[in-house]
Amino acid sequence: MDYGYGLIGIFILFGIVFVIFTIFFAGLLRPQRPNKTKLENYECGEAPMGGAWIQYNVGFYIYALIFVIFDVEVVFLFPWAVAFKQLGLFALIEMLIFIAILIAGLAYAWKKGALTWES
Amino acid sequence: MLELTGIIQWVGGIVTSISNSLGLPQIIIDIILILLIAVAIFAFLMLMALYLIWMERKVSGHIQDRLGPMMTGWHGWAQTIADALKLLQKEDIIVANADRKVHYWAPIVVFTACFAVYAVIPFGKGMLAADVNIGILYILSITTFTTLSLLMAGWASNNKYALLGGMRSASQIISYEVPLTLSILGVVMMAGTLSMGKFVELQGPYIWKWYVWPQFIGFCIYLIASTAELNRTPFDLPEAEQELVAGFNIEYSGMKFAMFFLAEFLNMFTVGAVTTTLFLGGWNPPLPALAFIPSWVWFLGKSLFIVFVIMWFKWTYPRLRVDHLLSFAWKVLLPISFINIILTAIGITIF
Numbered sequence: 001m002d003y004g005y006g007l008i009g010i011f012i013l014f015g016i017v018f019v020i021f022t023i024f025f026a027g028l029l030r031p032q033r034p035n036k037t038k039l040e041n042y043e044c045g046e047a048p049m050g051g052a053w054i055q056y057n058v059g060f061y062i063y064a065l066i067f068v069i070f071d072v073e074v075v076f077l078f079p080w081a082v083a084f085k086q087l088g089l090f091a092l093i094e095m096l097i098f099i100a101i102l103i104a105g106l107a108y109a110w111k112k113g114a115l116t117w118e119s
Numbered sequence: 120m121l122e123l124t125g126i127i128q129w130v131g132g133i134v135t136s137i138s139n140s141l142g143l144p145q146i147i148i149d150i151i152l153i154l155l156i157a158v159a160i161f162a163f164l165m166l167m168a169l170y171l172i173w174m175e176r177k178v179s180g181h182i183q184d185r186l187g188p189m190m191t192g193w194h195g196w197a198q199t200i201a202d203a204l205k206l207l208q209k210e211d212i213i214v215a216n217a218d219r220k221v222h223y224w225a226p227i228v229v230f231t232a233c234f235a236v237y238a239v240i241p242f243g244k245g246m247l248a249a250d251v252n253i254g255i256l257y258i259l260s261i262t263t264f265t266t267l268s269l270l271m272a273g274w275a276s277n278n279k280y281a282l283l284g285g286m287r288s289a290s291q292i293i294s295y296e297v298p299l300t301l302s303i304l305g306v307v308m309m310a311g312t313l314s315m316g317k318f319v320e321l322q323g324p325y326i327w328k329w330y331v332w333p334q335f336i337g338f339c340i341y342l343i344a345s346t347a348e349l350n351r352t353p354f355d356l357p358e359a360e361q362e363l364v365a366g367f368n369i370e371y372s373g374m375k376f377a378m379f380f381l382a383e384f385l386n387m388f389t390v391g392a393v394t395t396t397l398f399l400g401g402w403n404p405p406l407p408a409l410a411f412i413p414s415w416v417w418f419l420g421k422s423l424f425i426v427f428v429i430m431w432f433k434w435t436y437p438r439l440r441v442d443h444l445l446s447f448a449w450k451v452l453l454p455i456s457f458i459n460i461i462l463t464a465i466g467i468t469i470f
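Protein chains in written order, with this note's numbering: chain X, 1 to 119; chain F, 120 to 470.
Certain hints may be false.
To be verified - The list that follows gives simulated cross-link-like pairs (lysine-lysine, DSS-like), each with its CA atoms no further than 25 Å apart:
| no. | chain 1 | residue 1 | chain 2 | residue 2 |
| --- | --- | --- | --- | --- |
| 1 | X | Lys85 | F | Lys317 |
| 2 | X | Lys38 | F | Lys209 |
| 3 | F | Lys220 | X | Lys38 |
Unchecked claim - Pairwise CB distance ranges (calculated):
| no. | chain 1 | residue 1 | chain 2 | residue 2 | range |
| --- | --- | --- | --- | --- | --- |
| 4 | X | Leu65 | F | Val134 | 45 to 53 Å |
| 5 | X | Glu40 | F | Asn252 | 50 to 58 Å |
| 6 | X | Asn57 | F | Ile146 | 51 to 59 Å |
| 7 | F | Leu462 | X | Glu40 | 54 to 62 Å |
| 8 | F | Phe161 | X | Ala83 | 35 to 43 Å |
| 9 | X | Ala83 | F | Ile150 | 30 to 38 Å |
| 10 | X | Glu46 | F | Gly131 | 54 to 62 Å |
| 11 | X | Ala83 | F | Cys339 | 22 to 30 Å |
| 12 | F | Leu267 | X | Leu39 | 22 to 30 Å |
| 13 | X | Ile101 | F | Arg219 | 40 to 48 Å |
| 14 | F | Leu141 | X | Asp71 | 43 to 51 Å |
| 15 | X | Ile101 | F | Ile150 | 42 to 50 Å |
| 16 | X | Tyr108 | F | Trp431 | 35 to 43 Å |
Rather than coming from a laboratory, the hints here were simulated on the basis of the structure.
Note that this is a predicted model, so its numbers are computed, not measured.
Each residue gets a CB set at the ideal place from its N, CA and C atoms; glycine is no exception.
Starting from the given sequences, assemble the full structure and let the hints guide the process.
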């Protein structure tokens, strides 16, 4: 009984259908009486000042950029890790060089202050 | 009949024989069986979520020297059911200037992402729904959708607190994703596979074959990083009741809010289950002599123990500041996990 990815696909569909159904089903039970004040954004009881879709602290994006670099490198490490026992010493040395380059990148980002949160 | 494998095969046999007598094609029988598996796991997860929410309240209560819910049923066991019924009747408020489509899809994505993981979790001997050969990679990729959904929820609400919570959770989850993935790499190197079923087989039957011993650093990094991925204290900046008044889900009410809540607790169990599979021997008993206790009991026991440890963290540590949190991921956990990989590689080559 091994269905592999078909089963995963059914699981994903099942999750989506369940949530849509639950929200729909709750819609039959719950009250629906919106008014202007109720539909206002919450801002600690005050009337909201302007929208929230504004320019944002650039610090978040720097972390996102470093993440993309490192996560792609880590994905490269996965096939190596799976086959590591068969590849022997050559693979070890080669991957040590690869990780050394990664660590050099980390050290560079660290020195440049990309890892420091600026407020 | 304590092992559930027999029951699963029995049900499968009944379905197959009924469909055969009706003359249905093989593909329909397969789909019916898959749906049965999905429904069974779903029912189990719903019960588990109800129990986990009760457990969280009880654990937090007893750690703070109070009792937790006591009124509904014996020691408040029905409290979560009452809460769920209450949430079902709550009005669904979508604020006027929200992005309605994204607002609607965020709870769907968060729940689906955490439910789809369970297709590859080995619950017990012969209780793995889909033994795909890249199991752990699939789990890593599908759990990342949580980031997306939190960001969707934060953005769609058009609320400053919500957006700040969403942004914080995104930066936090992606920062801790890197050490988390690297900590798993050590186990992958030792096992030489990515399949969840194989991990468990390789760790039997003795306790000293569990990967937690050779990969203890990896185990600690995994536990810390996944606590951060769960947005739980001491890393609960995205929710931070005192400053962000609940963060990304502030504009959600009723069933949509319940989905975020449900997903949070299911993700906690996911972390317990994955930790158990990777480091604690999965459904293997510690010694072959203890194999008379069914495998799924071992699995649940170990997973719930990890869940308890995560709850224990929550009620023990204060919240970190955002700069401390991010520099801890990049400047402490990441170098340690690189060292762990290098040590593991050298160790495997020598021995």
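Tested hints:
no.: 1; hint: Lys85/X x Lys317/F; in the structure: holds, 16 Å
no.: 2; hint: Lys38/X x Lys209/F; in the structure: holds, 14 Å
no.: 3; hint: Lys220/F x Lys38/X; in the structure: holds, 19 Å
no.: 4; hint: Leu65/X x Val134/F: 45 to 53 Å; in the structure: holds, 51 Å
no.: 5; hint: Glu40/X x Asn252/F: 50 to 58 Å; in the structure: holds, 52 Å
no.: 6; hint: Asn57/X x Ile146/F: 51 to 59 Å; in the structure: holds, 52 Å
no.: 7; hint: Leu462/F x Glu40/X: 54 to 62 Å; in the structure: holds, 56 Å
no.: 8; hint: Phe161/F x Ala83/X: 35 to 43 Å; in the structure: holds, 36 Å
no.: 9; hint: Ala83/X x Ile150/F: 30 to 38 Å; in the structure: holds, 35 Å
no.: 10; hint: Glu46/X x Gly131/F: 54 to 62 Å; in the structure: holds, 60 Å
no.: 11; hint: Ala83/X x Cys339/F: 22 to 30 Å; in the structure: holds, 27 Å
no.: 12; hint: Leu267/F x Leu39/X: 22 to 30 Å; in the structure: holds, 26 Å
no.: 13; hint: Ile101/X x Arg219/F: 40 to 48 Å; in the structure: holds, 46 Å
no.: 14; hint: Leu141/F x Asp71/X: 43 to 51 Å; in the structure: holds, 49 Å
no.: 15; hint: Ile101/X x Ile150/F: 42 to 50 Å; in the structure: holds, 48 Å
no.: 16; hint: Tyr108/X x Trp431/F: 35 to 43 Å; in the structure: holds, 38 Å
Every hint from the earlier list agrees with this structure, and none is contradicted.
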